[in-house]
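One line per chain: the protein sequences are A and B, in this order. Mapping the first sequence onto numbering that gives the first Met the number 0, position 68 (from 1) lands on 67, and the numbers just tick up by one. Mapping the second sequence onto numbering that gives the first Met the number 0, position 41 (from 1) lands on 40, and the numbers just tick up by one.
The set of hints was computed from the structure by calculation and includes no laboratory data. Hints may contain errors.
Claimed, not checked - These stretches of chain A come out as covered by chain B in the derived footprint (C-beta under 8 Å, 3 or more residues):
(1) 11-18
(2) 117-125
(3) 145-152
(4) 175-182
Unchecked claim - Facing chain A, a subset of chain B residues (Cβ under 8 Å, in silico):
(5) 35
(6) 50
(7) 132
(8) 135
(9) 280
Note that the Cβ used here is the ideal one computed from N, Cα and C, for glycine as well.
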Amino acid sequence: MKRRSGHGVLALVTGAYLVWSLLPVLIAVLFSFNDSRSRTSWQGFSLRWYFGDPERSVWYDDSLQTALVHTLRLGVITTLIVVPLGVALALGLDRWRGRLPAGANFTVLLAFVLPETLLAVALLFVVTTLVTPLQLGLSAQVAGLVTFQLSYPVIIVRARLLTIGPQYEEAAVDLGASPLAAVRRVLLPMLAPAILASAVLVFADVIDDFVIVRYLSGDAATEPTSVKIYNSARAAPTPALNALASLLLAAALLAVAVGFGIHRFLTRGQRADTQELLV
Amino acid sequence: MPSSGTRPGVRLLWPALALPGMVWIALLFVLPLYVVLAIVFGRIDPVFRTAVPVWSPLDWDFSQFTFVLERIVGEGGYFGPALVRTAVYVLIASSLCVLIAYPVAYYTARYAGRRKALLLTLLIAPFWISYMMRMLAWVNLLQDDGLVNQALSLGGLFPGDVNWLDGRSSTVVLGLVYGYVPYMILPLFAGLDRIPASVLEAARDLGASRWEAFRRVTLRLSRPAIIAGVLLTCLPMLGDYFTSDLLSGSPRTSMAGNLINESVQTPGQTGQAGAFVLIVLLVALVPMLLYIRTVRDPSAVRS
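With the sequences and hints as input, model every part of the structure.
Below, the structure is given as structure tokens:
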């Protein structure tokens with residue numbers, strides 16, 4: 000049948016794409032368990048690059064461990080700042096009419112599509128030529144990451160607000176709630192899935208960030224995992240580098256899995272809207 | 000019934016909620032972009048060779064910027080080829096992205112059926128894997144004794160001693176496609192998924208062939224999604240320097256991002272780095288505005 004063969008080609012292309020897209024990473028993860036220095040020939044399973052090797056494993060090599068801890072620290076701190084800041088901004092921009100909020104909304108979208116390298120260099124100039132409380136290292140990195148990530152909660156929460164509409168908080172205010180209480184007790188619970196989705200998205204994106212955190216890092220102690228990979232990928236690294244990258248991947252997948260679980264719990268009884276968490 | 004917007008408490012609430020975020024954006028997004036201008040059109044300290052920003056546009060000095068411009072278009076300009084190369088790489092890579100992403104997104108949106116959720120999860124998976132790890136994976140595979148060369152030599156088609164990571168344009172373009180194609184698939188999927196099957200059935204009932212229905216209905220309705228996807232992949236490529244660094248490391252594959260990165264790290268070239276940032280920003284401005292317009296249009300795609 001002609002019709003089926005049409006799907007067949009498309010299915011084949013899709014399958015081939017998935018293999019091409021995911022297999023290289025799976026191989027890289029596999030070689031983090033290799034029982035030899037090689038990242039190309041398999042010598043049997045071992046955990047030596049995670050904690051077996053007393054010098055070069057992720058657990059014992061200070062530089063690798065520092066990078067991993069710093070990455071997770073950046074992820075947690077940035078998420079804790081971005082989510083409240085972005086949700087408040089989304090609520091404000093959505094309900095406040097006028098030129099100023101329209102301009103701010105435009106700027107947020109601009110920050111979303113500006114090539115990251117440009118923002119990173121601009122922030123580097125600010126930190127190095129102006130007198131600011133920011134210092135290269137943790138504070139500058141967090142400031143840069145928050146700026147770059149702020150658009151995620153704004154876009155996600157505003158999309159959700161569009162479907163909620165203004166009637167719920169209007170009803171609450173008519174029933175005697177103060178405007179702030181209406182937001183806190185009515186709107187925020189309804190937004191919880193969207194807020195959670197943006198938190199997961201921001202955390203996973205921050206721990207993978209490279210451009211901003213590299214330019215705004217102070218010294219080796221504030222170089223996160225991605226910078227470590229960049230610095231040593233071409234300099235004959237051991238599979239410990241693969242192990243480091245794999246641990247980061249595990250952290251991202253764990254965040255997504257936990258987020259997905261909580262999302263399910265929050266939206267139980269409602270129409271399954273998993274796409275919101277995923278896209 | 001009074002709308003909540005007319006009550007004074009509510010009227011103040013929304014600006015108060017938006018204010019912290021707006022101040023943040025003003026201080027750490029708008030101001031930094033102005034600092035770039037002040038440095039590009041600023042002076043250089045004669046003793047320390049450091050950049051001295053000049054804040055008033057009336058006092059701006061354009062010599063640093065023209066210095067860079069001359070080295071782009073001038074004879075033997077070092078910067079020109081890298082910019083042309085960026086344009087060519089981005090053009091080829093984003094075309095390949097469309098060719099790969101469209102059938103994948105189309106299949107997932109129309110024919111995946113009950114496996115749609117699983118397929119989507121797999122298509123989104125690259126977003127949770129750091130870009131550096133995905134490049135590291137290819138560095139591993141493409142090494143001289145890597146699995147790609149091993150596979151080629153077993154196949155006997157090639158000698159299997161290709162130096163993939165030795166400054167090849169093809170490797171860098173492959174890396175760009177590999178790195179950014181997920182950003183194309185999602186908006187395309189969202190756009191294609193939104194086209195109701197009934198529209199296509201109507202086209203078929205009215206006598207269109209399958210190909211005609213695809214070309215004149217599906218393709219046309221998915222055009223905003225294609226534009227959004229192309230912009231989402233092109234824009235980050237304009238600032239990308241790490242793909243070329245990791246997969247080639249040779250100046251033969253330098254892109255605009257490499258020019259920025261090298262001058263940022265060279266003392267005394269701060270103004271030059273700023274000039275490159277400004278040039279890329281000007282080039283990126285039109286696609287950025289185009290993207291924002293596409294996103295704002297409610298009939299188009301939300302990323």
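Those earlier numbered hints the structure runs against, lowest number first = Checked against the structure, no hint fails, so every one of them is satisfied.
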